[in-house]
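> Listed here are the chains, written in short residue letters.
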Amino acid sequence: MNFLAPIGRVFIGFLVATGRLVAFAAVSVSHCVRPPLYGRSIGRQMIQIGYFSLPVVGLTAIFTGMVLALQSYTGFARLNAESAIATVVVLTMTRELGPVLAGLMVAGRVGAAIAAEIGTMRVTEQIDALATLSTDPYKYLIVPRLIAGVVTLPILVLIADIIGVFGGYVVSVHSLDFNAANYLKLTWQFLEPLDVITGLVKAAVFGFLVTLMGCYHGFHSRGGAQGVGAAATNAVVSASVLILAANYMITTAFFGT
Amino acid sequence: MTRTASESKIELRGLKKSFGAKTVLDGVDLRVGAGESVVVIGGSGSGKSVMLKCVLGLLWPDAGSIHIDGADVTALTGRARQAHTEKIGMLFQSGALFDSLKVWENVAFALRSQSAMPKRQARDVALAKLAQVGLAADVAELSPSELSGGMQKRVALARAIATDPEIVFFDEPTAGLDPILGDIINRLIVDCVRHLGASAVSITHDMTSARKIADRIAMLHEGRIVWDGPAADIESSGNAFVDQFIHGRAEGPIGMAVRR
Ligand SMILES: Nc1ncnc2c1ncn2[C@@H]1O[C@H](COP(=O)(O)OP(=O)(O)O)[C@@H](O)[C@H]1O
Ligand SMILES: [Mg+2]
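The listed protein sequences correspond, in order, to chains X and S.
The end of the first sequence is residue 257 by my numbering, with every number in the run present.
The end of the second sequence is residue 260 by my numbering, with every number in the run present.
Calculated directly from the structure, the hints in this document are not laboratory data.
Note that the coordinates shown come from a computational prediction; the quantities given were computed from them, not determined experimentally.
Careful: at least some of the hints might be erroneous.
Derived DMTMM-like pairs (lysine to aspartate or glutamate); straight-line CA-CA distance at most 20 Å [stated by the list, open to error]:
#1 S:16 to S:86
#2 X:185 to X:82
#3 S:119 to S:138
#4 X:139 to S:141
#5 S:16 to S:228
#6 S:102 to S:166
#7 S:87 to S:69
#8 S:87 to S:72
#9 X:185 to X:195
#10 S:87 to X:136
#11 X:139 to S:105
#12 X:139 to S:86
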């Protein structure tokens, strides 16, 4: 009996799945840079993915900013270093929590929706129909979503950063008795452009990952309603895991030793 | 509507397609003449839809050739292949209407994507095609999900013929419709094909429908064409598979093949 065989099978299965995903991503990206592009579809997807995610991302950001201020106060008050709170809030929001939380919220909201929509189109033969009507499904369905994800997520994150910092400001000024002008001055004092830029780079990558996973799982779904449900779940789970992994790698690339 | 077809519009030779270990098509040979209407019959899951999808380029055959107007399209890719696919209008088994678009946008889709027709003009053509399948203009602004099954089939039919294609494929056009609606669809198909002078390949289990729309009938069984002849000869085919199928008997060679 060969006890290595099952391990090998799982490993090969993993390689095949990775290969298929990379091939799918390569084809999709190559279509992004070749005309024609469907401008109206891109606009519609930007509204779907970006604009309609504003409430959930905004709410996440404000509560996160508020809790950041409260928690760091608990710690820094013991060291008599309350003035560091503003800096902690703004750096954590822009560098980490803004992009990661916005990415995860959008993964749940948008990744599942994309997978369900494209998956339904797959199992009802609408994707086949597109091809017979001289329309490339990659160009018509996938490219607009990828572009919308990459463009709108940084905008969402910029807004989340501002709202998060505002949340921290509200808590600090109203509950922790900070001086308003002083808090704002401290917020700006140690903020570097690179802090914001890395956050926005992360956001663009996360936007790509979320829309890519939604499209990939939807595009390859099969087997009716159950298959579409599985595609939606897989899209959210894989996008979330990839976001956290990519977050670590990007952080290392920018700030690693 | 028998016509003698001299040159062939579509010719399949030795077409094979497997999914994993499961062989679906095992050497299909089929010829469709110009202006001819061929009906392919065969049991559920015998690979009729797979055969059409190979011709449309939605699936890649494992072996064999597909000639459209004399050119082997299995050797073509990209634009060259698409030039041949554009000659074919397809009515999908499930309709496959785009539910994100209105009815008229569905019908006008290929006019916009293939010929880049201006919107207003494409809408007029779409309305004319909808009228041709017996749908009034007020349906045009609805979404496909607001229509009954029979109306969806008709919209799908209008979409398939919107560009006046040289070849039309009908995948189970009357399945799931009541007999009267089925007959309306049959008549629409015969009309469309005559009107367009198109070659047609239809798939059906419905023998009434097959007799109405076929010049020639071919039977697909276990991945091969087991019988192929003029529609008028179907009763006297002398083929055990065909006899069992058209009389809908549980006993016969097909049943045994399933049990084996
Ligand atoms: N994309 C696919 N992947 C795997 N199996 C498929 C695929 N498409 C069709 N099949 C299988 O091929 C067989 C023939 O299917 P189909 O052509 O749809 O039958 P029918 O003659 O009823 O139209 C079925 O058993 C089906 O499960
Ligand atoms: Mg079928």
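> Quick one: which hint numbers does this structure break? Sort them smallest to largest.
1, 4 and 6
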